[in-house]
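Visitor: The primary structure of each chain is shown beneath.
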Amino acid sequence: MTLTYREAIARGIAQEMRRDENVVFLGEDVAAAGGVFKGTVGLLEEFGPRRVRDTPISEQAILGAAMGAAMTGLRPIAEIMFSDFFAVCWDIVANEIAKTRYMTNGQISLPLVIRSGNGGGLRFGAQHSQSVENWAMAVPGIKVVVPSNPRDVVGLMSAAVRDPDPVVLLEEKGLYATKQDVPDGEIVDELGKATVLREGDDATLVALGSMVPKTVAAAEELAAVGLECTVVDVRSLVPLDTATLLREISRTGRLFTVEANPRLCGWGAELVSVVADEIFTDLDGPLVRITTPHIPLPAADALEDLALPSVERIVDTVHKSMTT
Amino acid sequence: MTTTSRADGAATLTTEERLAMYRLLVELRHFEKRAYDLFLQNLVKGTSHLSIGQEAIAAAFGVAMRADDYTFATYRGHAHTLARGVPMTPVLAELLGRDNGLMAGKGGSMHLTSVEHGMMGSYAIIGAHLPIACGAAWSAQYRDSGQVAVCFFGDGTTNIGAFHEALNFAAVWKLPVVFVCENNLYMEYTPIGDVTAVPRPAADRASSYGLEPIVVDGNDPDAVHAVAATALARARAGEGPSLVEALTYRHGGHSRADPGKYRPDEEVAAWLARDPVPMYRQRLVTDGVEEHVLDDIDDAVHAAVDLATEEAKAGGTPGEGLLMTDVWADGGSSWRN
Chain A
266 MTLTYREAIA RGIAQEMRRD ENVVFLGEDV AAAGGVFKGT VGLLEEFGPR RVRDTPISEQ
326 AILGAAMGAA MTGLRPIAEI MFSDFFAVCW DIVANEIAKT RYMTNGQISL PLVIRSGNGG
386 GLRFGAQHSQ SVENWAMAVP GIKVVVPSNP RDVVGLMSAA VRDPDPVVLL EEKGLYATKQ
446 DVPDGEIVDE LGKATVLREG DDATLVALGS MVPKTVAAAE ELAAVGLECT VVDVRSLVPL
506 DTATLLREIS RTGRLFTVEA NPRLCGWGAE LVSVVADEIF TDLDGPLVRI TTPHIPLPAA
566 DALEDLALPS VERIVDTVHK SMTT
Chain B
2 MTTTSRADGA ATLTTEERLA MYRLLVELRH FEKRAYDLFL QNLVKGTSHL SIGQEAIAAA
62 FGVAMRADDY TFATYRGHAH TLARGVPMTP VLAELLGRDN GLMAGKGGSM HLTSVEHGMM
122 GSYAIIGAHL PIACGAAWSA QYRDSGQVAV CFFGDGTTNI GAFHEALNFA AVWKLPVVFV
182 CENNLYMEYT PIGDVTAVPR PAADRASSYG LEPIVVDGND PDAVHAVAAT ALARARAGEG
242 PSLVEALTYR HGGHSRADPG KYRPDEEVAA WLARDPVPMY RQRLVTDGVE EHVLDDIDDA
302 VHAAVDLATE EAKAGGTPGE GLLMTDVWAD GGSSWRN
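Those protein sequence lines, which keep their order, are chains A and B. To convert, take the position in the first sequence, counting from 1, and add 265; that gives my numbering. To convert, take the position in the second sequence, counting from 1, and add 1; that gives my numbering.
Excised from the complex, chain A in its bound form (with noise of 0.2 Å):
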């Protein structure tokens, strides 16, 4: 049936909720309103207030309940409002999720999932349209997802909470009106696994999030003037599925990545890094990363659609490139 992104997102949580009693889903105005973005409704009329529960907004209260309900046995959801809202609450992400399982040499496991609004498109501004996945992924202990369609949602969301560790998941602002038909009946993905979504010999590009429809439509303009170009949907930045994404590289010669996020220290160029290390002799032609500027998202109309990579931006970049 045909579902939006943010209605993908309940259908996710309601799946793993029905099959295990043991995961619990609280945030901010989760319950009785269904999420500021309704990405939740419904949950609370299926599994009532022991299961589905509002907190208050006290983000560090949210993130240390759901890792001392992991430690003790429960498979904890929560919902972060807004990814910005991480920097709120990043002691309990960075210093006690990501490390427990290391520093006490694996007696605790937290098998949580963290949930959050990601980056830019709605005219927010700095501070509500930010894309935090290199802040996490910077920190090792959490794995990083970030799905760009609903069908995702649903198969990253489960195998996000079937994991034993802290997993983030990433969900696209930009993308909770975007439609998909998806299939009915349970939907089970795994983590680390990039998905290649067109194949052309020219160049391949690697897209996250947001990003990938854009990059989808900019590979179809750049066929049109002769430029057959793979396209690879990341999905997870941790782990990362370097086998399927060097080998398409390997097989094209070129890379562009397109990110949402600020340029420096920015996923792509992790990514640039292994390509460099491992396939370097492969390589047809320079790396090329498409991001933001360094700069925080600006809230205007233009500012906005300047600051983000736009299809246009990304035919562009690749022409050039390609061309010259």
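Errors might be hidden in some of the hints.
[Unchecked claim] Below, simulated DSSO-like cross-link-like pairs (lysine-lysine); rule was C-alpha separation at most 30 Å, straight line:
#1 Lys175/B with Lys34/B
#2 Lys458/A with Lys444/A
#3 Lys458/A with Lys364/A
#4 Lys46/B with Lys34/B
#5 Lys364/A with Lys175/B
#6 Lys303/A with Lys262/B
#7 Lys46/B with Lys314/B
#8 Lys364/A with Lys46/B
#9 Lys444/A with Lys303/A
#10 Lys303/A with Lys458/A
#11 Lys34/B with Lys314/B
#12 Lys364/A with Lys314/B
[Said to hold, decoys possible] Chain A is nowhere near these chain B residues, computed Cβ spacing over 10 Å in every case:
#13 Arg24
#14 Asn43
#15 Gly86
#16 Ser208
#17 Lys314
#18 Gly322
Hints in this document: simulated from the structure, not taken from any laboratory. Cβ atoms here follow ideal geometry from the backbone N, Cα and C, with glycine treated the same way.
Based on the hints, put chain B in the right spot on chain A.
Guide: Structure of chain B alone, referenced to chain A:
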């Protein structure tokens, strides 16, 4: 404000329980003195935060808690770990960075954890573990297990945001958690009164969260036990959290590097005169326990600390194979496949 006297506690305790508390007092004291000696020999590296002088709180809660209750401690957590029954050898070996350590040397003094004893971790970031203790309490409530999470922290913690988030959260969700502020009068190097808006940093804030303000003499094991028993029973009965402020004093500085010279001599002398270990011994004698019973406990504990020291020192250097394990549940550390 409720203050609990010695008589309240002693009346409800058996002699066996009081001897168990005495044994713990001696063990915690002697263990930490040994840890200090090993630090001076440069065998304990990094830093170490001792709680010499504060043992009565850990000992009393240790005796009052149920075996399956959860403990959350701070970086000053040696005593709380031992009070849950964790053997001394792996704790000392962890301080020494040996492979027979509690976490094989991957955690160190500030992160002591023994899940099998309900010791759910020592947390080195001020305030971090209060919300985490709420989560364990939530889990116990969800599973209807009757377990209680007991969360120890210092007076300095009461000025950090996580303290207030956790208290509000615990009160709203009526969680079975007992917050225990060990008020040793100093926030690291600074008198707590100089940086805190209220005289009783924990108790004065309790009513803000609908809780009864509770202050207890933290150097009196009987009194602490009485408070602990009440708070634990209340939590187990589904009546929600408690916040206990236990007044105490650390005999040394904040950490190994701190001689504690900022404290007035007369203040130190007054608290040393109220040292919980000899004070409690004297009380037990007054109450009819024969000296030789206590001497036997002292001797046994001293021998056990000596043995633990030898066993810990006999541990090996953690092998290279440990470096990459347990980042992930599958055992590996690979961040890409």
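Visitor: Work down the list of hints and note, for each, if the structure agrees.
Guide: Here's how the hints hold up against the structure:
Restraint check for Lys175/B and Lys34/B: the C-alpha separation of about 40 Å exceeds 30 Å, so the hint is violated. With a CA separation close to 22 Å, the supplied pair Lys458/A and Lys444/A stays within the 30 Å bound. Of the pairs offered as hints, the one joining Lys458/A and Lys364/A holds, with about 24 Å between alpha carbons and a cut-off of 30 Å not exceeded. Of the pairs offered as hints, the one joining Lys46/B and Lys34/B holds, with about 16 Å between alpha carbons and a cut-off of 30 Å not exceeded.
Taking the CA atoms of Lys364/A and Lys175/B, the gap is about 29 Å. The hint holds against a cut of 30 Å. Distance hint between Lys303/A and Lys262/B is unfulfilled; the C-alpha atoms sit about 58 Å from each other, more than 30 Å. With a C-alpha separation of about 14 Å, the suggested pairing of Lys46/B with Lys314/B holds against the 30 Å cut-off. The suggested pairing of Lys364/A with Lys46/B holds, with an alpha-carbon distance near 20 Å, which does not exceed 30 Å.
With a C-alpha separation of about 15 Å, the suggested pair Lys444/A and Lys303/A falls inside the 30 Å cut-off, and the hint holds. For the hint pairing Lys303/A with Lys458/A, the CA-to-CA distance comes to about 28 Å; that is within 30 Å, so the pair holds. Our distance criterion of 30 Å between C-alpha atoms is met by Lys34/B and Lys314/B, whose separation comes to about 16 Å. Distance check on the hinted pair: Lys364/A and Lys314/B sit about 27 Å apart at the alpha-carbon level, within 30 Å; holds.
No beta-carbon of chain A is positioned within 10 Å of the beta-carbon of Arg24/B; the least distance is around 26 Å. Distance to chain A confirms Asn43/B as a non-interface residue, since its nearest Cβ pair spans about 23 Å, more than 10 Å. Its beta-carbon lying about 16 Å from the closest one in chain A, Gly86/B satisfies the requirement of being farther than 10 Å from that chain. Every CB of chain A is more than 10 Å from the CB of Ser208/B (nearest about 18 Å), matching its label as outside the interface.
With a closest Cβ-Cβ approach of about 20 Å to chain A, Lys314/B is found to remain outside the 10 Å limit, as its non-interface label requires. Every CB of chain A is more than 10 Å from the CB of Gly322/B (nearest about 12 Å), matching its label as outside the interface.
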